[in-house]
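Protein chains: 2
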Amino acid sequence: MSRIYDRVALIGLGLIAGSMAHAMRRADLAGEIVGTARSENTRRIAREIGLCDRVTETAAEAVEGADLVVLCVPIGAMDPVAREIAPHLKPGATVTDVGSVKRAVIDAVAPHLPDTVHFIPAHPLAGTEHSGPRSGFAELFDNRFTVLSPDETTDPDALARLRALWEGMGANVEEMEPDRHDLVLAVTSHAPHLIAYTMVGVADDLRRVTDSEVIRYSAAGFRDFTRIAASDPTMWRDVFLNNKDATLEILGRFTEELFALQRAIRTGDGDHLHDYFTRTRAIRRGIIEAGQDTDAPDFGRGAPKP
Amino acid sequence: MSRIYDRVALIGLGLIAGSMAHAMRRADLAGEIVGTARSENTRRIAREIGLCDRVTETAAEAVEGADLVVLCVPIGAMDPVAREIAPHLKPGATVTDVGSVKRAVIDAVAPHLPDTVHFIPAHPLAGTEHSGPRSGFAELFDNRFTVLSPDETTDPDALARLRALWEGMGANVEEMEPDRHDLVLAVTSHAPHLIAYTMVGVADDLRRVTDSEVIRYSAAGFRDFTRIAASDPTMWRDVFLNNKDATLEILGRFTEELFALQRAIRTGDGDHLHDYFTRTRAIRRGIIEAGQDTDAPDFGRGAPKP
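Keeping their order, the protein sequence lines are chains A and B.
The first sequence begins at 87 in this note's numbering and counts up one residue at a time.
The second sequence begins at 87 in this note's numbering and counts up one residue at a time.
Zero decoy hints are in this set.
Far from chain B, some chain A residues (derived; all Cβ distances over 10 Å):
| id | residue |
| --- | --- |
| 1 | Ser-88 |
| 2 | Asp-92 |
| 3 | Ala-163 |
| 4 | Pro-177 |
| 5 | Pro-197 |
To give a feel for the contact side, a few chain A residues facing chain B, derived at Cβ under 8 Å:
| id | residue |
| --- | --- |
| 6 | Ile-281 |
| 7 | Thr-284 |
| 8 | Ala-289 |
| 9 | Asp-290 |
| 10 | Arg-313 |
| 11 | Ile-351 |
| 12 | Gly-354 |
| 13 | Tyr-362 |
| 14 | Arg-367 |
Derived CB-CB ranges, DEER-like:
| id | chain 1 | residue 1 | chain 2 | residue 2 | range |
| --- | --- | --- | --- | --- | --- |
| 15 | A | Asp-357 | B | Gly-151 | 30 to 40 Å |
| 16 | A | Glu-342 | B | Leu-245 | 41 to 51 Å |
| 17 | B | Arg-365 | A | His-358 | 33 to 43 Å |
To be clear, the hints were calculated from the coordinates, so they are not data collected in a lab.
If you're wondering where the values come from, they're calculated on a predicted model, not measured in any experiment.
Yeah, the Cβ is synthetic: ideal placement off N, Cα and C, and Gly gets one too.
Hey, can you work out the whole structure from these sequences and the hints?
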C-alpha cells in the first residue's frame, strides 16, 4: 500500500485514534502521524508508547500542515475543537471525524470550517469496551464497515483518498446519508447500549440485596450486558444527547414490544413467546453469514481460570 | 477421580445433558451413561456420535437400575417425565434436574416421586447459544457455578454424592434456597434474555425498512444481543412461564430505570447519563475479578474473516 497522506493529525487519542495510528503504520499509509489530546495524562502515555510520530500540546498545533485531520473526540467536543483548528488548517486539507452520530457532528463542525478544506464525515463501526490511548490495535477495523457521509458538494478526489485510507486500514467502506446512518445506528448500537446500561444499573441496585450473587452467577447471560455497559461514559452520554430523536424512537418501539412480551408471560401465552423467540434466531444466522460475528459457542470465550 | 455412580440416566439430550456426558467421561465419574430423548432424530444423532453408552427409546427404560437420574428437559416437560419415570425408579436412587427455575420444577416433579428416592433440584449456571445433542462439550461447567437446592429432609449422603459429581465435572457448587435462586436468576439471566429477545425482535421488524443494514452494521453492539436471542425457544418459553413473578418484578424495575434514562435523554440531562454509565463500569470489574468473564477486548473475538 502506498502513502495516501503526507501528514495525518489525530485529534483525541482514544481507542479509535490509537487503532487508526496502528493500522496506518501497518500499511504505511501516512508519512507522519501527529496526535494530540486534551488530557495531559493521555498525551504523556501516547508519547511513552510511541503511539504517534509527534504529540502536540494543542489541536491548533497538531493540524498545522496536515493533509488529513481526524476528529476523534466525543461528540460534545466537536464544536469547540472545530472552532479551535479552523484558522490553522492547511488549504486543500481534508477534515473528517469518527463520531457515532453524523447529523449532529455535521451541524457542530461544518459551520466553522473554511471553504478551503474538504469536510467528509465518517464513522468506523468498530470498537471494544476498552478506552484510552493504550486500548488501540491495528486489526480493529479489519472487515468492519466504515460509513462515509459525503454530500453532493464533496470533492471526488478528496473522497477517493479518504476511502482508500479506510480500505488500507482494513475496512469495508460504504456511503450513507447522515439521517439514515443515525437511524440505523440507533437500532444496531445506541438503543442496545442504553438497554445494556439500564439492565446493569438495575442489577447493581439489586446487588445490595443479593450480595455478590449477581456477580457470581453472571455467566447465565448478564455478563454480556456488562461488557457493553463498560464502554466510555463520556462518549456514550454525547451519543444519546446527539442522536436523541432516533434513539427515543427505537426505545419507544422496544418498550412496546417488551410490554407485549410481558403480557404474554403474565397471561401464560406460550405460543406468542415461542414464535417470537424462533423468529429472532434467523437474524443471528444472517449476521454470522455476513461475517460480522463468530459462530463459536459463547463467542469462543474459553472457561475462566480459577 | 473415582466413580461416583454406577449408572447415570440422562433424560433429554441437549446442550446440558451432552456436556454432562462428556464431562463425566473426562473424569470417569459414571460406570454407565444411559440417555434418552423424546425426539427420534435426537436419539439417532446421540447414537451416531456415541454420546452415551446406551440410548433407550423411552425415559421409563432409561431410568431402570440407574443410581442417578438427571432431568434435562424443558421445564414444561418436567411434570409428564416425572410421572412416566416414577414407577421405574430404583429404590435409593437420586433424581435431580438442570432446570433454570427451581420452585416450578420442585412443584412439578416432587409430588410424583416415590419416598424411596432422593430428589435434589440442581441448576448448572452454564450454557451457550447452541442447542441439541451435538452442542455439548466437556469444559462447559469448568469453574462455573452449579446451584443445588436441597431442603431439611435431604439425605446428607445423597447430597454429598451429587455435589461430588458436579465438582468432578469442574463446577463450583453452591446451595441455595429455591425462591432465592429464582430471584437471582431473574436478574442475571431471565430478564436479560427477554430484553435481548425483544431488542432483536425490534431490529428484525426494522430490517424490512433498513434492508440488510441492521445485519451489516451489527458489530456496533447489537450482535451481542443476537447471540443471547439465538438460545433455544422452547427452553426459554418455559423459563418465563415458570418464573413469572420474579421475571416480571425485575422487568418492572428495568422499565422504570429505562424511562428515567429516556427522560434524561429527552431533557438533555447529561450529568444523569454520565453518572449512570460510570456506575455500571464497576460491576464488570467485579465479574472479571471473580473469574466469570474474560477481560480481553470484545470477548477476545478476533476480526471476522472476509
